[in-house]
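Using the sequences provided together with the hints, build the complete structure.
Chain by chain, the residues run as shown.
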Amino acid sequence: MSTVDTTIDVKITLDENNIPQFSYSQNGEISDGSVVVDCGQDIIYQLVESPGYAFTGAGFLTPFNKVIDSVSVSGDGQQLILVDEDSVSGVTSFQLILSCATSGLLLLSPDPQIVNKGADPE
Amino acid sequence: MKKLSLLFTALLAASPFLSQAATQQEIDRALAPVKNKSDLQLVLSSVSALDALEEHLPEFLDSVKFPKKGQQPKFDKELLETNLSATEIYKILALFGQQSSIGQYQGAAIVTDTDRLLLTGSTLPFCDAASPIELRVMLDKNKQAQFSYAQSGTFCDGNVELTENTTITYQLVPHKKSPKGLRITGAGFTNAFDGHIEKVTVSSDGQSIQLENNIENSGVSKYQFILESEENDLLLVSPDPQVVNKGTEPA
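These protein sequence lines map, in sequence, to chains E and F. Counting in this note's numbering, the final residue of the first sequence is number 122, and the numbers go up one at a time with none missing. Counting in this note's numbering, the final residue of the second sequence is number 251, and the numbers go up one at a time with none missing.
If you are wondering where the hints come from, they were derived from the structure by calculation, not from laboratory data. A couple of the hints might just be wrong.
Said to hold, decoys possible - Derived list of chain E stretches under chain F, where covered just means 3 residues or more per stretch with a C-beta under 8 Å from a C-beta of chain F:
#, region
1, 36-49
2, 52-63
3, 96-110
Said to hold, decoys possible - Okay, derived cross-link-like pairs now, SDA-like style, lysine to any residue, Cα gap no bigger than 20 Å in a straight line:
#, chain 1, residue 1, chain 2, residue 2
4, F, Lys199, E, Val48
5, E, Lys66, F, Glu230
6, E, Lys11, F, Lys143
7, F, Lys222, F, Gln171
8, F, Lys222, E, Cys100
9, F, Lys74, F, Arg29
10, F, Lys180, E, Ser87
11, F, Lys143, F, Lys91
12, F, Lys222, F, Thr169
13, F, Lys91, F, Asn142
Computed from a predicted structure; not experimentally measured. By construction, the Cβ of each residue, glycine as well, lies at the ideal position given by its N, Cα and C atoms.
Laid out in structure tokens, this is it:
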């Protein structure tokens with residue numbers, strides 16, 4: 001199966017109330033961070049202009065539906081890679097998990113991201 | 001960030017809710033239509049909630065046992081959970097005065113909003129941070145993880161309301177339907193900078209987690225537990241419990 005990578009830039013800013021705001025872009029276009037997958041691919045979330053933050057992983061509300069096969073984080077914590085072998089159709093929701101230099105607590109992206117797989121061949 | 005004056009009180013807001021829940025269970029049992037075999041025969045003589053079991057009714061009736069006086073009737077819970085919606089189960093539990101245990105039937109079918117309300121426990125009382133909160137994770141028939149919380153045998157909604165600096169403890173309670181090798185790895189916050197929770201500690205065996213609040217920072221903080229299991233390499237996150245730091249309102 002051919003693999004086509006999808007890279008999504010993730011930027012974290014703080015609003016006037018010090019609440020983290022996540023914004024996403026893909027190929028320079030603003031996106032909601034969601035991905036539609038119709039062939040096996042790696043989905044890469046890349047931190048940009050977000051000093052002090054590092055990915056530690058991704059948390060799934062439905063980790064056992066086999067839509068995403070594995071997750072890895074680059075050594076510097078700036079990239080999160082979701083491996084999707086596309087062997088199972090379905091939808092999954094996950095949240096990005098990050099450490100931040102200014103807090104001992106782990107930060108979660110507020111909105112679960114959705115990966116829609118290709119149409120069921122049935 | 002708004003800081004409010006400290007309010008130290010020995011009474012946690014959750015305590016009255018727990019008492020109410022226990023009282024409601026006693027009322028439910030006292031008013032239950034079925035307390036013995038004769039009551040059950042009477043219910044079966046006309047249209048009842050048991051009709052929802054259809055062809056499974058004989059098997060269910062065989063499983064019903066009436067222990068000694070003062071003890072709750074027992075029956076095949078899995079049979080109900082496998083074949084009925086949450087509302088249908090609730091109506092049957094009500095016959096036995098056990099409707100408050102509906103939260104144990106997380107594998108039941110969700111067809112209506114009422115089913116969802118019954119199973120998500122949004123009407124449950126707050127948990128009491130004064131003692132450990134039991135956290136149970138079970139996989140339903142679709143392999144979806146369902147989280148439930150309880151203290152001293154009474155279900156609560158996982159949330160706590162605090163009026164003083166407190167260490168909140170959640171303790172994993174294993175169940176045959178729990179993911180294999182389940183361990184807590186931490187807690188995540190959608191707003192890690194509000195100061196409501198200042199420290200998170202996970203036990204070395206991953207079976208409990210403690211969160212320490214700072215009552216000086218009033219407001220609501222939502223957090224989600226992060227767990228790993230031997231089912232696969234992905235991390236599981238819980239729906240969000242929340243802590244409410246209640247300070248005195250400024251004059």
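Outcome of the hint check:
With a threshold of 8 Å between beta carbons, the proposed coverage of the region 36-49 of chain E by chain F is violated, since 0 of its residues qualify and at least three are required. Counting residues of the region 52-63 of chain E whose beta carbon lies closer than 8 Å to any beta carbon of chain F gives 7, which meets the minimum of three for the stated coverage. Given a C-beta distance limit of less than 8 Å, the hint that chain F covers the region 96-110 of chain E holds, as 11 residues qualify and 3 suffice. Pair hint F/Lys199 plus E/Val48 does not hold up; C-alpha atoms about 28 Å apart against a cutoff of 20 Å.
Of the supplied pair hints, the one linking E/Lys66 and F/Glu230 holds, its CA atoms being roughly 14 Å apart against a limit of 20 Å. A C-alpha spacing of about 33 Å is found between E/Lys11 and F/Lys143, which places the hinted pair above 20 Å, so the restraint is violated. Restraint check for F/Lys222 and F/Gln171: satisfied, since their Cα atoms lie roughly 18 Å apart, inside the 20 Å limit. A threshold of 20 Å between alpha carbons decides the hint, and for F/Lys222 with E/Cys100 the separation of about 17 Å falls inside it, so the pair holds.
For the given pair, F/Lys74 sits about 13 Å from F/Arg29 by alpha-carbon distance, which is consistent with the 20 Å threshold. At roughly 23 Å between alpha-carbon atoms, F/Lys180 and E/Ser87 are farther apart than 20 Å, so this suggested pair is violated. For the hint pairing F/Lys143 with F/Lys91, the CA-to-CA distance comes to about 26 Å; that exceeds 20 Å, so the pair is violated. For a cut-off of 20 Å, the pair hint linking F/Lys222 to F/Thr169 stands: about 15 Å separates their Cα positions.
Note on F/Lys91 and F/Asn142: the hinted pairing is violated, with a Cα-Cα distance of about 24 Å set against a maximum of 20 Å.
In summary, the numbered hints that this structure violates are 1, 4, 6, 10, 11, 13.
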